[in-house]
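S.K.: Sequence:
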Amino acid sequence: MGGAGPFTVRYAQYKGHPDVAVRLGYQRKDDRITAFPGWLGTQQTWHGRAELTSRLDTAPGECIRGVMEHRDRTYVTEWHCS
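Going by my numbering, the sequence shown opens with residue 7, and the numbers climb by one from there.
Rather than coming from a laboratory, the hints here were simulated on the basis of the structure.
One thing to keep in mind: the hints can contain errors.
As the list claims (entries may be wrong) - The following label-pair restraints were derived from C-beta to C-beta distances:
| id | residue 1 | residue 2 | range |
| --- | --- | --- | --- |
| 1 | Gly44 | His23 | 21 to 29 Å |
| 2 | Phe42 | Gly22 | 31 to 39 Å |
| 3 | Trp45 | Cys87 | 17 to 25 Å |
| 4 | Thr83 | Trp52 | 16 to 24 Å |
All C-beta atoms, glycine included, are put in the ideal place defined by N, C-alpha and C.
Start from the sequences and build out the full structure, keeping to the hints where you can.
M.R.: Below is the structure:
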């Protein structure tokens with residue numbers, strides 16, 4: 007946080023579930039605003055796992071979290087802040 011680097015969003019299913027397509031991305035916030043999600047792409051799970059990575063540049067004091075969308079439902083991770 008507070009610089010450029012890789013950011014990975016990962017989704018893991020419970021065993022025995024069929025493979026599904028999930029949309030993976032991130033969301034940022036600072037002390038003024040919470041931004042709309044930035045999408046990295048859509049990926050089909052393979053053996054219960056989907057993962058996408060991108061290089062992001064974050065400012066000091068900025069927070070970021072992972073976002074996943076599946077069947078018109080959105081899921082988010084905890085905020086990670088610098």
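S.K.: Is 16 to 24 Å respected by the C-beta to C-beta distance linking Thr83 and Trp52?
M.R.: holds (21 Å)
S.K.: Measuring from beta carbon to beta carbon, are Phe42 and Gly22 in 31 to 39 Å?
M.R.: 34 Å Cβ-Cβ, so the 31 to 39 Å window holds.
S.K.: For the range 17 to 25 Å, tell me whether the beta carbons of Trp45 and Cys87 fit it or not.
M.R.: holds (22 Å)
S.K.: Falls inside 21 to 29 Å, the C-beta gap from Gly44 to His23?
M.R.: holds (27 Å)
In this structure, every one of the numbered hints holds.
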